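**Student:** Sequence:
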Amino acid sequence: MAALQTALALLGAVLLGVVLMAVLGHNPWEAFTGLIAGSAGTARGLAATVRKTSPFVLTGLSVALAMKAGLFNIGTAGQFLMGSVGAVWVGIQFEGLPVWFHLPLAVAMGIGFGCAWGAIPGWLKVSTGAHEVITTIMLNHVATLFTGWTVFAGSTLSTTRPGPLWDSTAGPVSASTDVLASARIPWIFGPPLRIHWGIALALLAALLVWWLMERTRFGFELKTVGAKPLAARYAGMRSGWTTVLTMTWAGGLAGLAGAIETLGVNHKFAPEFGGGVGFEGITIALLGQGHPLGIVLASLLFAALDAGAPKMQFDSGVPSDIIQVIQTLILIFVAVPALATWLLDRMSRTQHVSAVAASLRI
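For our numbering, add 1240 to where a residue sits in the sequence shown, where the first one is 1.
Quick caveat, the hints were computed from the structure, so don't treat them as lab data.
Source: prediction; values computed, not measured.
Please note that the accuracy of each hint is not assured.
[Unchecked claim] Mimicking SDA-like on lysine to any residue, the simulated pairs with C-alpha atoms at most 25 Å apart in a straight line are: (1) Lys1463 x Met1307; (2) Lys1468 x Leu1448; (3) Lys1463 x Gly1369; (4) Lys1463 x Ala1370; (5) Lys1463 x Leu1364; (6) Lys1463 x Met1477; (7) Lys1463 x Arg1473; (8) Lys1468 x Ile1374; (9) Lys1468 x Glu1454.
[To be verified] Each pair of labels, with its calculated beta carbon distance range: (10) Val1413 x Gly1480: 40 to 46 Å; (11) Leu1443 x Pro1404: 32 to 38 Å; (12) Leu1443 x Leu1385: 32 to 38 Å.
The beta-carbon is built from N, C-alpha and C at its ideal position, and this holds for glycine as well.
The whole structure should be built from the sequences, with the hints applied where relevant.
**Tutor:** Next up, the structure:
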């Protein structure tokens, strides 16, 4: 049933995309032919698809892990940015360290920054009852402002000082200095293909998340707390601790995505490098039905759409923004039934808890 829902969502989004292209006066066949050619028709296009898959996998896993615990992590964008800054902070320092120490240290710092940013809304939910949707959205803005400040170029018209990571040779451009060679993720295939070992890290993370959810006691507790919180409480499970730890690990996955993009692709940090990868992780998690394998396949699809968009625009004249429209339509088709199911489940859960509480008062 889940596979059928996903297939129908993709089909519906593509059909509406075709109609939209036709209404705008473009040839849908030329557009999709260019899209496929740009994403898989050449070695460079295929390499771009593989390279873009890594952050999608990790941010999708971040959202999916939280959803298994009944949480909605909207904060992947902020966690991604914090992971990027954490990785670049270590990556531009400690010259002379061997690569076998410097690179893992930079990656670990990116994960750590993401973990810290994910733990905050988890702790707030447990300690104050603050909803994680609200707190993660707010923290996204805080992360955007903070990471932008770290590379702020300063101003000659005021006493405002530049950020601590700003590259003084970049002039008015807000960007960090390049990370040292010892902190860069090595190439599998070097330029012009530029496929790095970050894809292996992303796939390994997917395997570890599957193992965590399906083969460990914590994974069982996580899913029980998400599906049956009252039963989990009666069974003595530490739902508060599970919530905080789940959000921490979810943040770490998004932070790892930021670290991989910084150390493997951009080799520096600038505020605009993140793009919408954090928010697209929500769509990917829903499209992949929360399963690591489904998330990997959904990430590959979204990476192909992104990689093929420029070729599609060049060949057919269709604006590359149409890809964002199709991705949004996919989200709508997938999310509406999933959201309805989630709301009905929460309502029935609330009614059940109220009934039990009323019976206990009697």
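**Student:** For which of the previously enumerated hints does the structure constitute a violation, in increasing order of number?
**Tutor:** none
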